[in-house]
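Assemble the complex: chain A is given as a structure, and chain B must be docked to it using the hints.
Here's the letter readout for the chains.
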Amino acid sequence: QLQLQESGPGLVKPSETLSLTCTVSGGSITSSGYYWAWFRQPPGKGLEWTGSIYYNGITYYNPSLKSRATISVDTSKNQFSLKLSSVTAADTAVYYCVRHLRYFTLASDWGQGTLVTVSS
Amino acid sequence: QSALTQPPSASGSPGQSVTISCTGTSSDIGGYNYVSWYQQHPGQAPKLMIYEVNKRPSGVPDRFSGSKSGNTASLTVSGLQAEDDADYYCSSYAGSNIHVVFGGGTKLTVL
Numbered sequence: 358q359l360q361l362q363e364s365g366p367g368l369v370k371p372s373e374t375l376s377l378t379c380t381v382s383g384g385s386i387t388s389s390g391y392y393w394a395w396f397r398q399p400p401g402k403g404l405e406w407t408g409s410i411y412y413n414g415i416t417y418y419n420p421s422l423k424s425r426a427t428i429s430v431d432t433s434k435n436q437f438s439l440k441l442s443s444v445t446a447a448d449t450a451v452y453y454c455v456r457h458l459r460y461f462t463l464a465s466d467w468g469q470g471t472l473v474t475v476s477s
Numbered sequence: 599q600s601a602l603t604q605p606p607s608a609s610g611s612p613g614q615s616v617t618i619s620c621t622g623t624s625s626d627i628g629g630y631n632y633v634s635w636y637q638q639h640p641g642q643a644p645k646l647m648i649y650e651v652n653k654r655p656s657g658v659p660d661r662f663s664g665s666k667s668g669n670t671a672s673l674t675v676s677g678l679q680a681e682d683d684a685d686y687y688c689s690s691y692a693g694s695n696i697h698v699v700f701g702g703g704t705k706l707t708v709l
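As you go down the protein sequences, you meet chains A and B in turn.
Heads up, our numbering is the position in the first sequence plus 357, with the first residue counted as 1.
Heads up, our numbering is the position in the second sequence plus 598, with the first residue counted as 1.
The following block holds chain A by itself, in its conformation from the complex:
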């Protein structure tokens, strides 16, 4: 069974870069047709897509993040990562890593989520 696990610092200072890694187990990150995404959910609020990557490195980002997000993949480690620069308190959220098919369908595999707080 596929499992996704987020890891990274739980506290980031304003203006710095948030860095998270998702480790995939029970399946290959190079499986054809699957995209690997980051979603986030501010405390008490709804879900927001951050960006997605295909194993060949093609990326798609939420335009609202204004180029602050970078997603990369390391197929040798079966991991993908998120970097979000110039963070503010508005970036405080639970961050989830997710597997989905094209057009964001069949997004049935989610990590447990990790809370990242932006505070000095």
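Since the hints were made in silico from the structure, they are not lab data.
We put the CB at the ideal spot given by N, CA and C, even for glycine.
Among the hints, a few may not be true.
[Stated by the list, open to error] Chain B is nowhere near these chain A residues, computed Cβ spacing over 12 Å in every case:
1) Pro-371
2) Thr-374
3) Ser-376
4) Thr-378
5) Gly-383
6) Gly-384
7) Lys-402
8) Arg-425
9) Thr-427
10) Gln-436
11) Thr-449
12) Thr-462
13) Ser-476
[What the hints assert, rightly or not] Residues from chain A shown here face chain B by an in silico Cβ test under 7 Å; the list is partial:
14) Trp-406
15) Asn-413
16) Tyr-417
[Unchecked claim] DSBU-like, lysine-lysine: derived pairs with alpha carbons at most 30 Å apart:
17) A:Lys-434 x B:Lys-666
18) B:Lys-645 x A:Lys-440
19) B:Lys-653 x A:Lys-402
20) A:Lys-423 x A:Lys-370
This is chain B only, laid out in the frame that chain A set:
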């Protein structure tokens, strides 16, 4: 302000049916058959309940069903059970620029 509009709350008694709406535009819900619904219990990750408007992933009870008419998608939960008490979010593919949008969520209370 979420791109898709959901009622903030819905409720029903055990055994009853409840329908949650999700209204978008012709650029998202109305333009594609890629609407998904997620269930989220407090402190847990979202769980996919419906995808591609009306398909259920393996393991999701057939009490959950989805539909779409024009720019509005709907999730119907029949035979309400206590464990259905949760937040529900809709999402839709929105084209190659915006990619995916979400509703603000509906808190379903089983009375």
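Results for each hint:
1. Pro-371: holds (24 Å)
2. Thr-374: Consistent with the label, Thr-374 of chain A stays out of reach of chain B, its closest Cβ about 23 Å off (over 12 Å).
3. Ser-376: holds (21 Å)
4. Thr-378: Fine: 17 Å to the nearest Cβ keeps Thr-378 of chain A off the interface.
5. Gly-383: At roughly 16 Å from the nearest Cβ of chain B, Gly-383 of chain A sits farther out than 12 Å, so the non-interface label holds.
6. Gly-384: holds (16 Å)
7. Lys-402: Lys-402 of chain A is in fact no farther than 12 Å from some Cβ atom of chain B, at 8 Å.
8. Arg-425: Consistent with the label, Arg-425 of chain A stays out of reach of chain B, its closest Cβ about 16 Å off (over 12 Å).
9. Thr-427: Per Cβ check, Thr-427 of chain A is outside 12 Å of chain B; nearest 16 Å; holds.
10. Gln-436: holds (19 Å)
11. Thr-449: holds (17 Å)
12. Thr-462: violated (5 Å)
13. Ser-476: Correct as stated: the minimum Cβ-Cβ distance to chain B is 21 Å, above 12 Å.
14. Trp-406: Cβ of Trp-406 of chain A sits 5 Å from chain B, so the hint holds.
15. Asn-413: Because about 17 Å separates Asn-413 of chain A from the closest Cβ in chain B, which is outside the 7 Å limit, the hint is violated.
16. Tyr-417: holds (6 Å)
17. A:Lys-434 x B:Lys-666: violated (41 Å)
18. B:Lys-645 x A:Lys-440: Since the Cα atoms of Lys-645 of chain B and Lys-440 of chain A sit roughly 25 Å apart, the hinted pair holds (cutoff 30 Å).
19. B:Lys-653 x A:Lys-402: holds (26 Å)
20. A:Lys-423 x A:Lys-370: Holds, because 19 Å separates the two Cα atoms, which is no more than 30 Å.
Violated hints for the displayed structure, listed by number in ascending order: 7, 12, 15 and 17.
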